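Student: Respectively, the protein sequence lines represent chains A and B. Its first residue numbered 4, the first sequence is counted upward by one per residue in my numbering. Its first residue numbered 38, the second sequence is counted upward by one per residue in my numbering.
Relax, there's no trap hidden among the hints.
Coverage of chain B stretches by chain A, computed from C-beta distances (three or more under 8 Å per stretch; other residues unrestricted):
| hint | segment |
| --- | --- |
| 1 | 74-86 |
| 2 | 90-97 |
| 3 | 113-126 |
According to the in silico footprint, chain B covers these stretches of chain A (three or more CB under 8 Å from chain B):
| hint | segment |
| --- | --- |
| 4 | 100-107 |
| 5 | 233-241 |
| 6 | 252-266 |
| 7 | 293-301 |
| 8 | 508-522 |
Hints were generated in silico from the structure; no laboratory data involved. Bear in mind the structure is a predicted one, so any value in this text is a computation, not a measurement. Backbone N, C-alpha and C fix where the C-beta goes; we use that ideal spot for every residue, glycine too.
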Amino acid sequence: MPPATEQAAVAIQTTLGKPTVPSIAFFLIIVAITMLITYWASKRTRSAKEFYAAGRSISAFQNGLALAGDYMSAASFLGIAGMVALKGYDGMIYAVGWLVGWPALMFLIAEPLRNLGKFTFADVVAYRLKQTPVRIASAVGGILTVLFYTIAQMVGSGSLIKLMFGLPYEVAEIMVGVIMLGYVLFGGMLATTWVQIIKAVLLLSGVSVLMLIVMSKFNFDPGALYTAVAGQYGQAALEPGGLISNPIDAVSLGLALMFGLLGLPHILQRFFTVPNAKAARVSVLYASGFIGYFYIIIPIVGFGASALIGREVIAQIDKGGNMAAPLLAEFVGGTPFLGFIAAVAFATILAVVAGLTLAAASAFSHDIYVHVIKHGKATEKEEVRASRIATVIFGVFAVLLGILFKGQNVAFMVGLAFAIACSANFPALTLSIFWKRFTTAGAVSSILTGAFLAVGLIIISPTVWEDVLGNPKGSALFALKNPAIVSMTASFVVGWLVSLMTREKPAEQMFEDEKLRTYLGVGAE
Amino acid sequence: MAKKTVQNVLDSAQFKALVTKRAKVSTLLMIMLFVLYYGFVLLIGFNKPFMAQKIGESVTLGIPLAVAVIILAWLLTLTYVVWANAIYDPEVEKLRGQLFD
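Could you put together the complete structure from these sequences and hints?
Tutor: In structure tokens form, the structure reads like this:
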């Protein structure tokens, strides 16, 4: 529709995509502060416990904020605002799905995880099983999850930074990689935690201010905002649309979102940074409060953007609607506020990628290097050195993969990460904590079944087979967009059947002993 | 600390009751979470007109329901924390006390 586009181009003038003084200033301030913190943290990061778990010195409130900072990615901030702006109510359904994993995390595994684990979730899966095979399998599941999540973040961040600051894609990738490596390499978990806390505070306050300004334009009457949206785009904008057309697909996606959280290595690792199970518990309450609040106000920002700026303009600048929130910020607060929001989005990307890199490095160094290669007999110094080497390797890989996948449609990769997390990591973790008869063979087969089914089924699903690989519509061999309902169930069933066929007396005996640690925290690290 | 004491605590009715109680509370809350979230998703899947009905000038029922799912899910989390702080933790302290004196 050329006329609409021309009209839209006249309707708004934006500095989006050009580096402005405020955006660069805010960006430099954030980088300066976080680098100072990294310098401070580097003096407190010598032992393995400090590198992986910030010396277990993080308070429940701090960890709650850091969990929120680790979880609320640029994809959810910019993506959900854009989805609500362009598609209306369907974006809200999506927002709800991102919260519901948190209560499940609390009820099922937060406390036992903290009591049983040391540095990685594989510590818990392997606690009473044979170390080598379980560590290798857990590391495969963990690293695959983190890898796909990282690719999605890196590709998304390159294009977002290009859209907001006008930097070339490759330069943006390298900048994210270098700054993030600075945090993780020198400041370990302590610096990563504070980067995540700062990002969470900035993001929550930035979006709150944006929401308040939007509401002030409608005299703080939500009804007026929705009436304005309905007036421009029809009542359909406020009704469920095509997102849930197939209930089985919707339930499958819901399972992946809910239980995927319980298998995200970078989120699980955060629970080892608090002093005890009680702090772990309270930190989930804080985290779910912050995240719930965020997902309640983000749709208001999205609806506000569609009412005040218009869908045509938003879609014209970015087809996916990702620039809805920044455009709205500029519309209501001018260039300085846009600069602030752009810098916050950048900080968001850095914090999430730093958390992912630390999780991947921990899986390499703690699970593979220390427990598989050195059979648990590495010195503190060797372990920290290995984790730093792994950090650099993973950081370089993240940048290279980001550049390699430039321009590719990687939206499905976050879904894939959640599918692997809920199919490979979550079943083994839960069975290991709660089921006495779980065996080494059961754990390994459950993890591998979940990982390979999740990847395989996504490849032959409409999302990849048709949308990414370009095969004709209807040719996908697997009908569901998200495989969780099949792959997660299969992982549980295989883990259960194989465990029943094998018997591991020492593991069963240890299950009784570990109960003291699981439930009372006796002997917990 | 003698191994027997550990075994005594593990075998005690009090410890077993605590483990069962925790399982019951988390299962119950988990079921409530499932009903809440999948109820919402399936309601959209099977009864769009219900979600699309207007409850104001243009606000649809689906909008406050989505917000309610988030708030209720958080309240379930809060319920667990209140229960664990008020009931679970004191019992844990009691059992730990038996172990170390």
